[in-house]
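Residue numbers (our numbering), protein chains in the order written: chain Z, 992 to 1498; chain H, 342 to 503.
Read the hints as simulated data drawn from the structure, not as lab findings. Small disclaimer: the values here were computed from a predicted structure and weren't measured. For glycine and all other residues, C-beta sits at the position ideal for the given N, C-alpha and C. Please note that the accuracy of each hint is not assured.
What the hints assert, rightly or not - Derived list of chain Z stretches under chain H, where covered just means 3 residues or more per stretch with a C-beta under 8 Å from a C-beta of chain H:
1. 1037-1048
2. 1080-1094
3. 1163-1174
4. 1408-1421
Claimed, not checked - Looking from chain H toward chain Z, a few residues come up when the C-beta cut is under 8 Å (computed):
5. 392
6. 399
7. 402
8. 496
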Amino acid sequence: MLEGLMIGLSTAFSVTNVLMVIGGCLIGTFVGMLPGLGPMSIIAIMIPVAITIGDPSAALILLAGVYYGAIFGGSTSSILINAPGVAGTVASSFDGYPMARAGKAGKALTIAAIASFAGGTVGVVLLMIFAPMLSSVALLFHSAEYFALMVVGLSAIAAFAGTGNVAKAVLMTLLGLIMATVGEGALYNLPRFTMGLMDLQSGFSFITLAMAMFALPEAMYLVLNPARSETGGEGGKQGEIKDLRISRAEARSIAPVIGRQSIQGFFIGVLPGAGATIASFLGYAVERNIATHEEQQEFGKGSIKGLAAPETANNAACTGSFVPLLTLGIPGSGTTAILLGALIALNVTPGPRLMVDDPQIFWAVIVSMYIGNLVLLVLNLPLIPYIAKILAVPRTFLIPFILFFTLMGAYIGQNNATELLILVGLGLIATILRFADYPLAPLLIGFILGSMLEDNFSRAMQLYNGLGFILERPMTLGLLVLAALLVVVPSYRARRARLRAEGVADD
Amino acid sequence: MALDRWVALVILLICLVYGYTAFFTMDASLPPFMQRNPVWPSTFPKLLAVLGAVTALVILLGLEKPASEPKAQDINYRRLHDYNLGQALSLLALMAAYAFLLRPAGFLISTTGFLILGSLILGERRFHLMIPIALVATGCIWYLVQEVLGIFLRPWPFFLGV
């Protein structure tokens, strides 16, 4: 591990790569603050830039920096104007915004930055310990197990969609998988489901799909409902960030929270489908439950513990979500799915072989995450009062730019104007799906995993001359049973709970 | 019928068409040497079509009921007319127009136009701000994409020859 760390340090500390981290963090913070462009959209927009860079380590370092920056930017807008740019930072607004209203915006931002830094740092250390372990186990896997493991990942994502929404999430995953079969498959070199259209010959582009699924519906929501981007009025006053310092007593009181949440957040992040949002809400709930009675009264009114908990947890979870991505090649969240797409575009195959074949990439990413955390704390925090000025830009200027960047992201990747029409069409569909309360992240994850899932499935079928691999390999069978349970059990329990509730009502 | 069921119905139809293609028309064009393989290009799509159709039916028939009341959405599609629907649709149309005009009109003209018209649709009338911002932003982005990233974007309309 130490040897790997050295490789990582020497790669990450080249001048270009340090500039990449700093640039990535700044761009990410800037954009993450805006309503409508979350980490997924900004990473998708940056992918063509990353591909132009060419060197996979530098490109990945840039994207990881953008990711961290965007999360931090999201926290900033949660705290300052109660408008989280990212779902993972919603919980930060519970106590962060009341603190800002009480004139303690600077203190809240410092706590957020320190908590994020600590969460990210502990996360990186845990990642360094667990990723190689998981990698060495995963090296024993065959295509049959990979297929089963991906099915488990996809079902877990559906299962975490919440009660009553599991079927919808499963359907979206399947739709993503169906979309992935459009175009020429890697295994067969035969065009499939192209409907005779030349533009679909190479299938849908995942950058276009990512833009259409996330950036465009969010922008449409901002247009439809101006209240979502309301930043004026009393929000303007909180823009005043005066004192960034925190006292020693405050630091002492949040230290145990940070310690607990960085570990809990990391392990939640490792689970596919859970991710930063669940980690932050759970972190908040846990800390409120174990706080003393007086401290509990403070939660929701500007408690520093209530701010530190979700901030630590979401950053640790972001780091944790890199574990399945780097070791198994399976993304657990929409953002890591986009990173996986970027890796594939850079000709890097994530998975257990990554550590063996390209150790410099693997370790450079880990080291740069750490540098990213440091950059956020040392460089971004003092700059926040200036970066936050972007929140004052009126929506009539902001929205056309958001739409334009969405279009550019899709265009640059493909250099094809038809791609823009596909983007608008898919964006409209995605907006309707959002109205109907269908989760969109499973669709994108299904799409990105689709070709790998089919490749592994086909290879296992060929090896065993049919579906025999399911019964002949106990681990495959076990994983597939687990996948089925993950989908069925929550619906079954919800059904039973409902029946019981109705039964009580009847009595 | 609620919107989510309509969506499920549409997806069900997509799965049926997709499944029909996979089960009945795709294999006809399969070269003979591939036919001896245990797995065909249509194998995985067949599986997806069946699973997709079943899941869509589960939603359509309301087999999975929400455990509690549906959560309050930030936009209620039943009252879509209360929101800025016209603006949203105009912006979508503007994006489509941009797609058609980007090549023939060149990047600089179509992008400046897009940014100005976009603000206009959203109700902005301060032209002394809109025009310079759009011009400067377009120029900067063109320079970044073309010169720094090295991706070709034709700046001027087709008749200017560049």
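Going back to the hint list, which numbers does this structure go against?
-> 2, 7, 8
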